[in-house]
Amino acid sequence: MPVIEAQSVSKQFQLRHNASVELKVRFLGFLHPQKRQSIELFWALKNVSLRIDPGEALGLVGRNGSGKSTLLKLIAAIHRPTSGRVLVARDARIGSMIELGVGFQPELTGRENVFLSAAIHGLTRDQIETIYPAVVAYSGLEHFIDVPIKNYSSGMNMRLGFAIAANLDPDILLLDEIFAVGDADFQQRCMETLNQFLANGKTIIFVSHSPSAIRSICRRVCVLDRGELTFDGDMEEGLAFYHHTIASKADR
Amino acid sequence: MPRRPSWPLSVFVDGCLAAVTYFAAYWLRFPADRLGTFLPKVWTTMPWVVAGQLGALAATRAYARWPRIDWLARVISGVVAGTAVSSIVIAATVGFEGVSRVAFVADAVLLSIAAVGWRGAWVLRARARARAAVRAASDELVDRAEEMATVGAVATGLYAYRELLRSLVVKDLKLKYRGSVFGFLWSLANPLLMIVVYTIAFSFILRVRSERFVYFLMLGQLPWTFFASSAAMSTGALVDNAGLLRSVLFPRAILPIGTALFNLAQFLLTFAVFLPAMLLWYRVPPSIPMALFPVFLALQVVFTIGIALILATTTVFFRDVRHLLEIVLAALFWMTPILYDVEQVPERLRLVISLTPMSPFITAYHKLFFYREWPAGTVWLVAVAYALGAFIVGAMVFLAYEDRIMEQV
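Chains as they are written, first to last, in the numbering used here: chain A, 151 to 402; chain B, 6 to 414.
Keep in mind the hints are simulated off the structure, nothing from the lab.
Just so you know, these numbers come straight off a predicted model, no measurement behind them.
Hints may be right or wrong, so weigh each one.
[Unchecked claim] Mimicking DSBU-like on lysine-lysine, the simulated pairs with C-alpha atoms at most 30 Å apart in a straight line are:
1) Lys181/B <-> Lys300/A
2) Lys300/A <-> Lys179/B
3) Lys176/B <-> Lys300/A
Can you build the whole structure from these sequences, using the hints too?
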């Protein structure tokens, strides 16, 4: 029984090239055909089908704009597919680390932000009280927890964000390029946490441009190219395939 | 289950509602003792009005099989055009002898709300049924985006995320006065200063003599502020939280509803200070009608939540809403019986004033606390119609556009 199943999923976005609905633009467009607002229909994902079993760690690779983040957002049900269906196990709790620390309010303290952020992820007051000490300990920010977030460095923000997400105890973890910031020590700790998750039978979908990060977590790799799933299989073969396609694109 | 009601059903329901609202418009216009003299004319003109409205609805293609996305706007324009046409026809044939012109305005407003409201309820029910069918089909794996898109799912979602709702309200209260010396006292100082300014202007400069003016003013000013600042804040509820919306899944309706509840919390805090103070100062003894206050406040909250959902959604697509709303709120303030009593309004305008959005609620508060009487049946009718209408339309607009909101913010 898979935990996630994508059935020929496509997602279309409208790109407004002359990004304005202003009357001025409409009026000018009426006079000058070339100044008319053009709406391009852009397929972020085309006919992607995937089955992911519990306990699997899937690495998603592909160039910028190939639809990796869109796929994560469809799995998280933030977006709805234009066609096809994304099905997720009924009781699975999804932890999305698509952008860490995004709900943080700069004026609030670290403590207040932990409570707000955990509430956004649907925890009740009691549950938040229970995980709070673990979050603070994991982030290593005991000393700064009553300081407004606006005084945090971006690395500290990131650590607090990851600490919250790691303690939400999700069944499916969606990670999008989260190791761009953070020192080596923190990255090391993230990796340990993720491997701990896998050992507990949780599912991870991991978007990264770093082959070493993918090697240390994933056994399976999917390659996306312009919204199409071009490879789905063994990790080393996938990374090789991805490098090959990049190289061949660069040659052209 | 079709996504829109079939046309025979629509014509039938609209026809019934048109007859009811035409009668209700006269009821709103005239007190019971004078209503009797107008009734014969109401019955003779009613077929014309109903026929005109149904005809105009058909002409604006409100009954088309696949109405476009501006369906509800077509329904409203159909009702308004139909009312206008039938009033002109009646003026030309039988004349306005024994027929009220203002009642046509009320009829158009009431029928618009009724026609849009029942369609909204129909669509929301169709969605819930479609979801139930999907749910029954799959057992282990579920389509979460589909699951969230009904009123019932949003309601259970709001309950599951009650801690978030509470946190959002507390966060806004904390942030509003953080760093200021007087803190929460500003919540009291603001309405106090407003009341002082209006009292000076009206009692001492314009010399409008009225009994217990400050008490009267407080009863209108505070609920108005609750409504107006909810409306103003709700325009940013989705647009200003784009990052959050794009990265975490949660019931998004919580954001506009949260702004309404935040302003409710502020209103209750100030009202809890001002009301007892005024009751003591003017030595107003408590009375039984005052017990109705929670009922009308609940209606106002439902109404405000509906308006907040509509404004938050439309702002995503048209940022103009923010700027337009400022002007509309300024105009509405003077068209709402806050500084004056509905009874002071010239009789011809009275119906129009009593139909502005916040009128029924504020009139009710005046009745309950100032006159210590039961609110009239007409006030009940308008308050309930506005609350239900705004809520149904708000829920429908929000759910119908939720996917596109996510792509646009």
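Taking the hints in turn, this is what the structure says about them:
As the CA atoms of Lys181/B and Lys300/A are separated by approximately 16 Å, the hinted pair is consistent with the 30 Å bound. Between the alpha carbons of Lys300/A and Lys179/B the distance comes to roughly 16 Å, so the proposed pair stays at or under 30 Å and holds. For the hint pairing Lys176/B with Lys300/A, the CA-to-CA distance comes to about 15 Å; that is within 30 Å, so the pair holds.
In the structure shown, no violation is registered for any of the earlier numbered hints.
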